[in-house]
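S.K.: Listed below are the residues making up each chain.
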Amino acid sequence: MHPRLTFALSVIEGLAIFAYAFSGFIEARRRRLDAVGTFLVALVTAFGGGTVRDVLLGHRPFYWVEHETYVIAIFAMSFVAPFVLRMASRVFSERALLVADAVGLGLFSISGTSIALDAGMPWFIAALMGVVTGVFGGVIRDVLCNEMPLILRDSRPYATCALVGCWLYLLLAWLAVDPVYSVIVATVFILVARLVTFKLDVRLPH
Amino acid sequence: MHPRLTFALSVIEGLAIFAYAFSGFIEARRRRLDAVGTFLVALVTAFGGGTVRDVLLGHRPFYWVEHETYVIAIFAMSFVAPFVLRMASRVFSERALLVADAVGLGLFSISGTSIALDAGMPWFIAALMGVVTGVFGGVIRDVLCNEMPLILRDSRPYATCALVGCWLYLLLAWLAVDPVYSVIVATVFILVARLVTFKLDVRLPH
Amino acid sequence: MHPRLTFALSVIEGLAIFAYAFSGFIEARRRRLDAVGTFLVALVTAFGGGTVRDVLLGHRPFYWVEHETYVIAIFAMSFVAPFVLRMASRVFSERALLVADAVGLGLFSISGTSIALDAGMPWFIAALMGVVTGVFGGVIRDVLCNEMPLILRDSRPYATCALVGCWLYLLLAWLAVDPVYSVIVATVFILVARLVTFKLDVRLPH
Numbered sequence: 001m002h003p004r005l006t007f008a009l010s011v012i013e014g015l016a017i018f019a020y021a022f023s024g025f026i027e028a029r030r031r032r033l034d035a036v037g038t039f040l041v042a043l044v045t046a047f048g049g050g051t052v053r054d055v056l057l058g059h060r061p062f063y064w065v066e067h068e069t070y071v072i073a074i075f076a077m078s079f080v081a082p083f084v085l086r087m088a089s090r091v092f093s094e095r096a097l098l099v100a101d102a103v104g105l106g107l108f109s110i111s112g113t114s115i116a117l118d119a120g121m122p123w124f125i126a127a128l129m130g131v132v133t134g135v136f137g138g139v140i141r142d143v144l145c146n147e148m149p150l151i152l153r154d155s156r157p158y159a160t161c162a163l164v165g166c167w168l169y170l171l172l173a174w175l176a177v178d179p180v181y182s183v184i185v186a187t188v189f190i191l192v193a194r195l196v197t198f199k200l201d202v203r204l205p206h
Numbered sequence: 001m002h003p004r005l006t007f008a009l010s011v012i013e014g015l016a017i018f019a020y021a022f023s024g025f026i027e028a029r030r031r032r033l034d035a036v037g038t039f040l041v042a043l044v045t046a047f048g049g050g051t052v053r054d055v056l057l058g059h060r061p062f063y064w065v066e067h068e069t070y071v072i073a074i075f076a077m078s079f080v081a082p083f084v085l086r087m088a089s090r091v092f093s094e095r096a097l098l099v100a101d102a103v104g105l106g107l108f109s110i111s112g113t114s115i116a117l118d119a120g121m122p123w124f125i126a127a128l129m130g131v132v133t134g135v136f137g138g139v140i141r142d143v144l145c146n147e148m149p150l151i152l153r154d155s156r157p158y159a160t161c162a163l164v165g166c167w168l169y170l171l172l173a174w175l176a177v178d179p180v181y182s183v184i185v186a187t188v189f190i191l192v193a194r195l196v197t198f199k200l201d202v203r204l205p206h
Numbered sequence: 001m002h003p004r005l006t007f008a009l010s011v012i013e014g015l016a017i018f019a020y021a022f023s024g025f026i027e028a029r030r031r032r033l034d035a036v037g038t039f040l041v042a043l044v045t046a047f048g049g050g051t052v053r054d055v056l057l058g059h060r061p062f063y064w065v066e067h068e069t070y071v072i073a074i075f076a077m078s079f080v081a082p083f084v085l086r087m088a089s090r091v092f093s094e095r096a097l098l099v100a101d102a103v104g105l106g107l108f109s110i111s112g113t114s115i116a117l118d119a120g121m122p123w124f125i126a127a128l129m130g131v132v133t134g135v136f137g138g139v140i141r142d143v144l145c146n147e148m149p150l151i152l153r154d155s156r157p158y159a160t161c162a163l164v165g166c167w168l169y170l171l172l173a174w175l176a177v178d179p180v181y182s183v184i185v186a187t188v189f190i191l192v193a194r195l196v197t198f199k200l201d202v203r204l205p206h
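Protein chains in written order, with the UniProt record's numbering: chain A, 1 to 206; chain B, 1 to 206; chain C, 1 to 206.
The shape of chain A in the complex, shown without the other chains (with noise of 0.2 Å):
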């Protein structure tokens, strides 16, 4: 790939991550846990779906064994994470924040589902495994803080948007499109999905 699409990708990446993270700052604020605490919390909320999937796949090392740096960056914030929410409400809008968790939806169950594939799982199974990867760090997140997880609780589309990208991604690879497009479309759409039907407040009947 182009140098600059490659740099282009991991800035959006290390967003996704901290967008994630940041959830788990929120919650761990509201419980008052110390910094150790928040660190526990915000990791399992950014890795912890990826960790499940390479786990059920059989799939090492680890993303955040390779990628360290971004352990010791949740560390670092977690000590000053009252700070850093102040900062972040700040600098970025609530809007901004959905954006990048809807950006770390996308990318983390689309590399989730191209994962899943490249370990030689049936279609079916790789969609699955790309949700998993996209919503189970908010999932253990909530069940750590003895909350119903919040995919469960709200009928607005999160782990529906994922699916269906999922899908959709699984078409293109079928398709045979280039790989890179797959993914960039796939991830587009989970994201304008979830941005669209959060902005129309469109609502999954139950």
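A hint or two may mislead.
For each label pair, taking beta carbons as the anchor points, the in silico distance ranges come out as [said to hold, decoys possible]:
{"no.": "1", "chain 1": "B", "residue 1": "Leu-171", "chain 2": "C", "residue 2": "Met-87", "range": "27 to 37 Å"}
{"no.": "2", "chain 1": "B", "residue 1": "Tyr-181", "chain 2": "C", "residue 2": "Val-177", "range": "45 to 55 Å"}
{"no.": "3", "chain 1": "C", "residue 1": "Met-87", "chain 2": "B", "residue 2": "Arg-30", "range": "35 to 45 Å"}
In case anyone wonders, no lab produced these hints; they're calculated from the structure. Ideal Cβ placement from N, Cα and C applies to all residues, glycine included.
Fit chains B and C to the supplied structure of chain A, relying on the hints for placement.
M.R.: Same frame as chain A, now just chains B and C:
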């Protein structure tokens, strides 16, 4: 094995899996989850126990990866879960669901013990793995739904029936009884033990 | 190592495991669980941290598979847990249990760090694995009992003591100190840090 027996076994297995998935549908309905949430809860209930066992044993591929059809069927049913539940409550009595669940408990526990033995686990651990296979799907379901796991709350023997049955299986294996008979006897034992203790309202001391 | 030292170490290790199992018994008693439920909760409390670490590292066999005797002992004790608890409260003071738990925190965290280092993990991850080994048994216990994990709720340093001790161990390893001394010094550090901060009622800011 005789083809008819093989067919009978796969029908029983299917029934057991759907009985477990069903208890997930019921829980999801009570929580008013949407289709994808219902799917996730039903899926972990049906396959969570075996998956935890396989992760502990380092055993691959997972049952649900090899039998993708069950995953797809549960997915499809999740979209019509209210309808499925209404139909089921008309076709099957509550007693039928209890029996199917007890069949699942028996089948999953004994197959879990057998797989753990094959993986070279010592006996006590193999019996434990059997119980994990039988009950952990329900445990994860309840943890996800932010409830104290039913098997811990309820004083009616459930895990206990499974544990005794797993030991019966180990005893038969030690006596070098034909594996087919051992499996059938121990599974039926768990099924009957569960139904009889339930019917007689036997309560464990605590 | 000198046979007496080996014996002393295995006694200490046994004490630490039973201290962890004990906190499971206490929680199970409060929830009025039956014997099998008590067994499951005590088991995950005692071995949950190490098992999560080993699953993450892909490390086998599990400690509790190799030391089946501990599992059997916890099983036997689960049937007489109320009696065990009453005896224990007579023989051991609450302070003794606190000390035994702190010994466990030290031993498990440092052994976890050491195992992660041997598995080729980078330092920061190794320290994290140490903390996971020390505290995740209690986390799973609390999740199973549908409570906010104690280490997240309680502002007295627990995971923090473990983390600092793990870093001390890494520092000693970096200084090429004899592994036996490193383990002893770092374990004793965690033990003392936990007891002193507890006694002085040090609270972490949150």
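S.K.: Against each hint, give a clear statement of whether it holds in the structure.
M.R.: Hints and how they fare:
| no. | hint | in the structure |
| --- | --- | --- |
| 1 | B:Leu-171 <-> C:Met-87: 27 to 37 Å | holds (32 Å) |
| 2 | B:Tyr-181 <-> C:Val-177: 45 to 55 Å | violated (60 Å) |
| 3 | C:Met-87 <-> B:Arg-30: 35 to 45 Å | holds (42 Å) |
Consistency with the previously given hints fails for number 2 only.
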